[in-house]
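Colleague: All the letters of the sequence shown, read from the start, carry residue numbers -27 to -1, 1 to 212 under mature numbering (1 follows the signal peptide of the UniProt record, and there is no 0).
None of these hints come from the bench; they were simulated from the model. Among the hints, a few may not be true.
Ranges between beta-carbon positions, derived for each pair [to be verified]:
# : residue 1 : residue 2 : range
1 : A85       : Q27       : 28 to 34 Å
2 : V173      : S133      : 55 to 61 Å
3 : A178      : L22       : 53 to 59 Å
In this text, a Cβ means the ideal position worked out from N, Cα and C, and glycines have one as well.
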Amino acid sequence: MPHPCPLLLPLLLMVLGGVLLPRGVMGMEVGVGPPGRYGTPGLSGLTVLIPPGQDSCVYFPVQPGDQWIFYYQVIRGAHSGVDFYILNPAHHFLVLDKRQASGKHRIQMERAGDHMMCFDNFFGFTEEKVVSFHLLLRYRIQESAANRPDNRTAGRSLTSMENSLALLRERLLRCGLYQRVLRYGMVLDHEEQSLNAWRVQFWSAFILLLVPCVSALQVYAVKAQFRGPTIYTGFRVRN
């Protein structure tokens, strides 16, 4: 029986994919669900192609109290990793990873404004990198008392229902995120297997040639042990 999570995700998730633009041509809108008073999460998926010796950046608008849960993994060129960092509007580092092949972070935003997120490949002058990135945003939007509906007459509090639905939505988004992480892990393993195929073939051929040589040396050593020493004397045998 299939797991219910993949069946519900297409109906409940709004996932956007895109390629990060080089610095100077930045800007991207994050896909989120309809806003709610108590924090409605949204999931955004990105695929990053970073040319050799360059970086790729994008801006995300946030509000104080927003929560970020993000995961990235290098699926091409993972042996050297990438630099990853997030800058707030005051140009302070919120996250700084150096030459990492993967990473997972959780951040509680304290400052409003556009936050810059970058993948840096300046140290990889000969190899481009492909990075899979997933960002889970949980927005906290406050409403004034005048616009807040009166729920006192309801048999069941609408507030608790909204909180339960928001919690369920966030768990479903996390389920989809973990499934994507597993899929990209399989892609990374396949990439590593393809890169190491020639090494496996080389050592297999080497061992295939080495085994007969070792066998021949063992046979020669055993025969030498049973072979008696040759005795030379000064007498000749005459018929």
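Colleague: Evaluate the given range 55 to 61 Å for the C-beta pair formed by V173 and S133.
Modeller: 58 Å, holds
Colleague: Kindly confirm whether 53 to 59 Å is satisfied by the beta carbon distance between A178 and L22.
Modeller: 36 Å, violated
Colleague: Take the C-beta atom of A85 and the C-beta atom of Q27, compute their distance, and say whether it sits inside 28 to 34 Å.
Modeller: 30 Å, holds
The earlier numbered hint that this structure contradicts is number 3, and it is the only one.
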